[in-house]
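One line per chain: the protein sequences are A and B, in this order. Those letters in the first sequence? Residues 831 to 1238, by the working numbering. Those letters in the second sequence? Residues 831 to 1238, by the working numbering.
No wet-lab data here; the hints were simulated from the structure. Beta carbons are placed, not taken as given, at the ideal position from N, Cα and C, and that holds for glycine. It cannot be assumed that every hint is accurate.
Far from chain A by the CB rule (all over 10 Å, computed), these chain B residues [what the hints assert, rightly or not]:
hint, residue
1, C878
2, Q968
3, T1049
4, E1057
5, G1063
6, V1112
7, L1128
8, P1139
9, H1160
10, K1206
11, L1225
Label-pair ranges, simulated between beta-carbon atoms [what the hints assert, rightly or not]:
hint, chain 1, residue 1, chain 2, residue 2, range
12, A, E873, B, A866, 35 to 41 Å
13, A, K892, B, R956, 44 to 50 Å
14, B, E856, A, T1049, 44 to 50 Å
Number of protein chains: 2
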Amino acid sequence: MPEVRDSGSPTAAEISARIRPRALVEQNGSDQKRIAIPEPVTELLRQCGRPTPLHRARRLEKHLGTGARIYLKREDVLPTGSFKLNTAIAQAYYAAEEGRTTLVTETGAGQWGMSVALAARMFGLRAEIFMVRCSLEQKPYRRHYMELLGAEVQPSPSPRTAIGRKILQDVPDHPGSLGTAISDAIEYALGRPSAAYLAGSGMPHVYLHQTLLGLEVATQLREIHGEALGVEGRGDHLIACSGGGSNLCGLIGPHLRAKADGADLRFLAAESTAAPRLTKGVYEYGRTDLGGFTPEVLGYTLGEDFIPPPNHVGGLRNHHSSPLVSLLRHKGVLDAVAFDQRTALEAGRLLLRTEGLLLAPEAGHAVAAALDVVAKADAHALEPVIVVLASGSGLLDLQGYNEVLLDT
Amino acid sequence: MPEVRDSGSPTAAEISARIRPRALVEQNGSDQKRIAIPEPVTELLRQCGRPTPLHRARRLEKHLGTGARIYLKREDVLPTGSFKLNTAIAQAYYAAEEGRTTLVTETGAGQWGMSVALAARMFGLRAEIFMVRCSLEQKPYRRHYMELLGAEVQPSPSPRTAIGRKILQDVPDHPGSLGTAISDAIEYALGRPSAAYLAGSGMPHVYLHQTLLGLEVATQLREIHGEALGVEGRGDHLIACSGGGSNLCGLIGPHLRAKADGADLRFLAAESTAAPRLTKGVYEYGRTDLGGFTPEVLGYTLGEDFIPPPNHVGGLRNHHSSPLVSLLRHKGVLDAVAFDQRTALEAGRLLLRTEGLLLAPEAGHAVAAALDVVAKADAHALEPVIVVLASGSGLLDLQGYNEVLLDT
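All chains should be built: construct the whole structure from the sequences, respecting the hints.
Structure follows, in structure tokens:
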């Protein structure tokens, strides 16, 4: 057991308060209806290309011969190649405002680490990033990117932390997981008062920052495409892949009220069969890390001991679904479906061959889910609006596409 | 000598007419002031994200402490990650219109091949791509991308052509060059009437298609940024890297008349010290391929036997500069400067650390040139407008950045 779980050690709430900028802790418990985006954050988001395009996938529609209208929210065009940059910039701002000088975090497939590395540089901060070992080995380019920005990148489990050393003692060739990396990062940040721990997903403040996704989608559907959402009897869908849940919650968050008020709107989470929490997990209390730094939370879980098989979908390999995503699922507000990596990559290839857009394997799960929704809609002669969150670019995932689809 | 150079073999003009769609041959010799873009081409260009952003690099300006206003024309956001897609779509359209079913081409660093692979897929055509061997080995991801789209990718020199077999007989470990790859592709296309050969650069029709770069820049400077270009005494600059010359000519083409009419406007070509044609070459007649398929053209050349050293700047490794670029240089309309790859990649890293944009090493040469222009302008207390063509994304060049800047 690591020291901090001993009697007299800080509670999870105390840990959170110590490692996080105060503004983020306040956002986690806020009951305000709206929280303003600070002007320097808005300015950087604009510089990075926000609002990102909402792309009508007409060629995919034509290929499928469907009456559905499919839209892609193109987060892949952001400089780091994923939606993660939205919250990284916000969190780095609050950390810098509070005088913290180092950003510490974990990363799975590397998108979050790239975003933190860039956000740190934009505010003149240092970055220490613990990256899931098997992803680090599969995706050296993402490590190079972070290092070019001046970030320090460590494999997780890490010999630099007590929890990392303990895990490596038990399982020397442990491939790492988001659980091990979260534990490494939190322990590392706890010991350094000048450090701020940044969460890539799972937390209310992250979901808050990502709600600009759903807000932009609503505006763009209305103003650019002249499209209403949630029309009765049409079966409109908002679809995102779900790992920590932030691209999903960011997309659907601003539309929860409309659905509660009766809009005909479905929310669909696409997960990986490598970590099928929402589709096969148990709804119970558990921890999201392995070190015991985070509070036990109620959610769909595969258990703390679950080690997902190494695959090319690092962003969807969590063992425990976040409380908010789990609650939405438990209450029936959110549907969920799981895909294996080949199906997701094949959906990604279809999108490349029709629309010319190469998305990350994680986003391929959302595309696969959309294809299923289209097939069902066509079978019932419905013509829904389907919004798919294109959460990230696949240019740095070509090795994965190659291994699964070409090298066979 | 390959067979087609024997007595009685077709002339270079006959070869060009045979392998190219007729519309492109006509464009090469057109004396029209304007040539309309076909509607299907416009539609696809829009779908791919045109007009691309003209980004004011305020954070770079601040870092440099300069009064110059630096703009980046962001071709890196196109789906294939480079400006090459602009002409690939146009050429594929004309080939399809003429009933040709296969697109054949060469590619250096791979950006052109990616663009042809995507354009072929968009028009339902096959693609056969000869890729410079050393680039293919350095950049497997670009090969994966082309193959995902269904393109056939061959290393050049290729055992599938007579010229390729001859080169391999003489130099079995020949790293390949744009010269070998052009020869492979043209020979391959010549033998197949259903095939169209697509040129990635160097030809008037390619420059024509790329003039949308300079046209968009002019409109965006005026309408979005309220900026005039060529103001007397300010020393405004248009800067692009120069390999085959198409991003350069596309950028400056629409501004040639203004300069001839007296606008204070400088055009600057940034080349690689690995192939310093404009800065160290001789102005004389020569061939751009090794097979003798292309006509002898007047240009700055390093000689047909020049084999550039393998480096990470595949797009700038030609041995012979195009007639138009060379003429502009010879007449003093165009300035030129050469950079080694480390300097170019360091400029690229600076842009990443300030603006958050990771450009291809080729574009890094243009950024390096801009840094020099800024330094000189600052020394003379000038505050020019500087437009840099961000010709491509560097996400697939991270291995090169890593080897040159990090692994040392």
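Results of checking the hints against the structure:
At the 10 Å boundary, the C-beta of C878/B falls inside the reach of chain A, the nearest C-beta of that chain being 6 Å off. Under the 10 Å C-beta cut-off, the non-interface status given to Q968/B relative to chain A holds; the minimum distance is some 13 Å. Non-interface status of T1049/B relative to chain A is upheld: no Cβ of that chain comes within 10 Å, the nearest being about 19 Å off. Chain A leaves E1057/B outside its interface by the beta-carbon criterion, the shortest separation being 18 Å against a cut-off of 10 Å.
Here G1063/B stays apart from chain A, with its beta-carbon at least about 30 Å from theirs, past the 10 Å limit. Every CB of chain A lies more than 10 Å from the CB of V1112/B, the least distance being 38 Å, so the non-interface label holds. No Cβ of chain A approaches the Cβ of L1128/B within 10 Å, the least distance being about 38 Å, so the stated non-interface status holds. The beta carbon of P1139/B sits about 22 Å from the closest Cβ of chain A, which is more than 10 Å, so the claim that it is off the interface holds.
Remark: the non-interface label on H1160/B is consistent with the geometry, its nearest Cβ contact in chain A lying 38 Å away (cut-off 10 Å). No beta-carbon of chain A comes within 10 Å of the beta-carbon of K1206/B; the shortest separation is about 27 Å. Some Cβ of chain A comes within 10 Å of the Cβ of L1225/B; the nearest lies about 5 Å off, and the non-interface call is violated. At roughly 39 Å, the beta-carbon separation of E873/A and A866/B lies within the given 35 to 41 Å, and the hint holds.
For the pair K892/A and R956/B, the beta carbons lie near 20 Å from each other, so the given range of 44 to 50 Å is not met. The hint said 44 to 50 Å for the Cβ distance between E856/B and T1049/A, and at roughly 45 Å that hint holds.
Violated hints for the displayed structure, listed by number in ascending order: 1, 11, 13.
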